[in-house]
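Turn these sequences into a full structure, and let the hints steer you where they fit.
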Amino acid sequence: MNFIRFKDKPGRAPYKQGREFMSKKTIFKPSRRDVLKYSAAGAAATVLSTPFVHRTWAQTTEINMLAWYGHGEADIVGAYEEANNVKFKPKYYAGGDNMLALIAQSPPGTYDVILSDGEFVQQLNAAGYIDELNPADYNFDDMLHEDFTNFPGHWAAGKLHSVMVRCGHLGVSYNTNAVSAEEAASYACFWKPEIQGKVGHFDWHLPSLGMMSLKNGNGAGLWDLDDAAWNAVQETTMSLRSQVGGFFDYGGTFNSLKNGEMQAMCGIGDWITGVLEKDGAPVASVVPKEGGIQWTESYCIGKGSDKADQVKHFIQYMTSPEGQVKSAQMAAYPGFAITKGGRKLLNEVDPKEAQRTGQVDGMANDPITLIKEGRIHYRDIPQQQSLEDWNDFWSEYKNA
Amino acid sequence: MNTQKKSTQKKRRFNLYAMVWRTPIIVWQLLFFVGPLLFMIAMSFFLVKNYRMIEAFEMKNWIKMFSKNYFWDSYYLTFGLASLSTIIATVIAFPASFALAFKVSDNVRRWVIFLLIIPFFTSYLVRIFSWYVILAESGVINAMLSYVGLGPYTMLNTMFGTLVGYMTLCLPLVVILQTFSLANVDKNLIQAAKNLGCSPIKTIYSVIIPLAKTGLIVAALFCFILSFGDFVSPYYLGGSKPPTLPILIIDTTKSGQQWPRAAVVAVVMMATLITIAFAALALAYKKRASR
Numbered sequence: 001m002n003f004i005r006f007k008d009k010p011g012r013a014p015y016k017q018g019r020e021f022m023s024k025k026t027i028f029k030p031s032r033r034d035v036l037k038y039s040a041a042g043a044a045a046t047v048l049s050t051p052f053v054h055r056t057w058a059q060t061t062e063i064n065m066l067a068w069y070g071h072g073e074a075d076i077v078g079a080y081e082e083a084n085n086v087k088f089k090p091k092y093y094a095g096g097d098n099m100l101a102l103i104a105q106s107p108p109g110t111y112d113v114i115l116s117d118g119e120f121v122q123q124l125n126a127a128g129y130i131d132e133l134n135p136a137d138y139n140f141d142d143m144l145h146e147d148f149t150n151f152p153g154h155w156a157a158g159k160l161h162s163v164m165v166r167c168g169h170l171g172v173s174y175n176t177n178a179v180s181a182e183e184a185a186s187y188a189c190f191w192k193p194e195i196q197g198k199v200g201h202f203d204w205h206l207p208s209l210g211m212m213s214l215k216n217g218n219g220a221g222l223w224d225l226d227d228a229a230w231n232a233v234q235e236t237t238m239s240l241r242s243q244v245g246g247f248f249d250y251g252g253t254f255n256s257l258k259n260g261e262m263q264a265m266c267g268i269g270d271w272i273t274g275v276l277e278k279d280g281a282p283v284a285s286v287v288p289k290e291g292g293i294q295w296t297e298s299y300c301i302g303k304g305s306d307k308a309d310q311v312k313h314f315i316q317y318m319t320s321p322e323g324q325v326k327s328a329q330m331a332a333y334p335g336f337a338i339t340k341g342g343r344k345l346l347n348e349v350d351p352k353e354a355q356r357t358g359q360v361d362g363m364a365n366d367p368i369t370l371i372k373e374g375r376i377h378y379r380d381i382p383q384q385q386s387l388e389d390w391n392d393f394w395s396e397y398k399n400a
Numbered sequence: 401m402n403t404q405k406k407s408t409q410k411k412r413r414f415n416l417y418a419m420v421w422r423t424p425i426i427v428w429q430l431l432f433f434v435g436p437l438l439f440m441i442a443m444s445f446f447l448v449k450n451y452r453m454i455e456a457f458e459m460k461n462w463i464k465m466f467s468k469n470y471f472w473d474s475y476y477l478t479f480g481l482a483s484l485s486t487i488i489a490t491v492i493a494f495p496a497s498f499a500l501a502f503k504v505s506d507n508v509r510r511w512v513i514f515l516l517i518i519p520f521f522t523s524y525l526v527r528i529f530s531w532y533v534i535l536a537e538s539g540v541i542n543a544m545l546s547y548v549g550l551g552p553y554t555m556l557n558t559m560f561g562t563l564v565g566y567m568t569l570c571l572p573l574v575v576i577l578q579t580f581s582l583a584n585v586d587k588n589l590i591q592a593a594k595n596l597g598c599s600p601i602k603t604i605y606s607v608i609i610p611l612a613k614t615g616l617i618v619a620a621l622f623c624f625i626l627s628f629g630d631f632v633s634p635y636y637l638g639g640s641k642p643p644t645l646p647i648l649i650i651d652t653t654k655s656g657q658q659w660p661r662a663a664v665v666a667v668v669m670m671a672t673l674i675t676i677a678f679a680a681l682a683l684a685y686k687k688r689a690s691r
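Chains E and Z are the protein sequences, given in the same order.
In terms of the working numbering, the first sequence opens at residue 1 and continues consecutively.
In terms of the working numbering, the second sequence opens at residue 401 and continues consecutively.
Hints listed in this document are in silico derivations from the structure and should not be mistaken for laboratory results.
What you are looking at is a predicted structure, and each value in this text was computed from that prediction instead of being measured.
Here a beta-carbon is modelled for each residue, glycine too, at the ideal position from N, C-alpha and C.
Hints may contain errors.
To be verified - Here are some chain Z residues the structure puts well away from chain E; computed CB gaps all over 12 Å:
(1) Gly639
(2) Ile647
(3) Ala679
(4) Leu681
Claimed, not checked - Straight-line distance between alpha carbons at most 27 Å, and here's what the computed DSSO-like set of lysine-lysine pairs gives:
(5) Lys91(E) x Lys613(Z)
(6) Lys278(E) x Lys289(E)
(7) Lys449(Z) x Lys303(E)
(8) Lys594(Z) x Lys303(E)
(9) Lys352(E) x Lys372(E)
(10) Lys89(E) x Lys686(Z)
(11) Lys258(E) x Lys449(Z)
(12) Lys91(E) x Lys587(Z)
What the hints assert, rightly or not - Partial list, derived from the structure: chain Z residues whose beta carbon lies under 10 Å from chain E:
(13) Leu431
(14) Leu477
(15) Gly638
What follows is the structure, given as structure tokens:
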């Protein structure tokens, strides 16, 4: 069948044929066989593309999300989008400062759902960027720890403003071929002479300096440092400088651990090594005896959003067992399930991951047990210094 | 009288014609260079409160940044690394450019220049990440060295790594610019130098380099500008250890959204580059003293 025909003239140069092609077109006359053939192909194409067409039709309501990378990806929200005729439009940030700045520079109502680091919720609330939530809408009885219900800053004057959805622990992350499990049980392993130049930092002052504060024995008061304690933390940190091989973002941290350039990493935890470990790399993360730091992620409804009901429904989904399992298995970076239902389902559908991360009742490294033992401290901002003071010191440290 | 009038009219038409062609680039520069530069200078006097910039005219950001040792350490480091990168790129590129300009056929030259352009088809970031595979302790170079009992050597997260990144960015461009510059040297003058008994080395220093001076300096200037402002190589191949000025800008904006302080760093960088560029161009177009 030819849609455009031209008379074949054997022996003619292609150029001339081309000219005829342009000039001598005739009307398309499909045969009965053509009709049948192309109808069948059309039908097959329609059937094969149905899932994609369905997905396209499902984009009826757009929900603007502000979150860390990965939360708006298909492995987390794909099933929810399919089931609820919504489409998430994520805007990703890196760090609470960046999140606050993005909201501050946007008109009210720009973001319908905001995933915040736990310690920044109170600032979101104080600035009036988030809506009040109704506690009755969320199943707080299912939380694995009472702190998760009453997480610092999530409630203000008896009013709920944010719901925690996941967390993870930061401690010593190391290459198991270079550092033993016994050595990794203390932050002192970062000073091990054999790994000089092989200690990396995640390039954010808060977790690294928090760990140095724990190394100095500040325990639960790691963020509340008087001048003497702050000076001591700076001295401890500076003494590590000769061991340091680099300061990295997420990609750099990931690569340097994977190719063995860095054999211990300060400022991270299983949220990075977990991805590598599942890929077979000889890396692990532990909470050392001096204690670990918890990162916490919580969902809020953006002030001025006209999709508050849909967002509420999404937060309910993310705290449901199904949502919790998706969060625990998140491709970008894994986190702990924080509800009993989520943990139960994770143990059923992915017992290997549950075992690897200690999310099994009774395991020694069960994150809930570690919190109850007082070995985990929630990440916070400096109490007696400003973030600027900490950042200034971090810049000096990097230049030392 | 009539002829003069016609001539003036013609000149006026010509100027209008020229202005039409000049206008787009003037508008472009005003909108996307002068405008943002002025805004950046103004922003360096603003303040930040609750993660929002407040319009103000305060010297606080300038005093803060200039009083910090880490700012000056980063400045000297960045300047030093960019200078080193310029020297290395110029020295490495020259023999290749010389060969391309004088020793190979036109056809070979065209192909080599095409091959030098090809790296620009891919993202610079991707090219930098590909060095991980080559420079890592478990990478290609150390694997080859291990066959002769050497290494492993640490190349990533070092200044060497940073310089490798700078060369990735600059070297093809420097070779291309130097080649075009050398290829335009009048071959008769080279032949004359030879006929007058000039040795090959002396011909290069006394004839070729002075004649190609403008292009060689412009190539070096491009290398300096690109290296001075590059964030990717010092961060990903140098391990941000210690940080250069572009990394300091990122660090400053990340903490408390201090865009005004980052603007101070950026203005200092711009002032440095403008000074260097004018000095280099003055040198490039400086006429030789007549003997």
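Comparing the hints with the structure gives:
1. Gly639: violated, 2 Å
2. Ile647: violated, 8 Å
3. Ala679: holds, 28 Å
4. Leu681: holds, 32 Å
5. Lys91(E) x Lys613(Z): The hint is violated at about 49 Å.
6. Lys278(E) x Lys289(E): holds, 25 Å
7. Lys449(Z) x Lys303(E): holds, 20 Å
8. Lys594(Z) x Lys303(E): violated, 80 Å
9. Lys352(E) x Lys372(E): holds, 24 Å
10. Lys89(E) x Lys686(Z): Distance ~57 Å between lysine 89(E) and lysine 686(Z) Cα, so the pair is violated.
11. Lys258(E) x Lys449(Z): Status violated; Cα separation ~40 Å.
12. Lys91(E) x Lys587(Z): Cα-Cα ~59 Å, so violated.
13. Leu431: Status violated, d = 22 Å.
14. Leu477: With Cβ-Cβ at 8 Å, under 10 Å, it holds.
15. Gly638: Holds - the Cβ of glycine 638(Z) comes within 10 Å of chain E, reaching about 8 Å at its closest.
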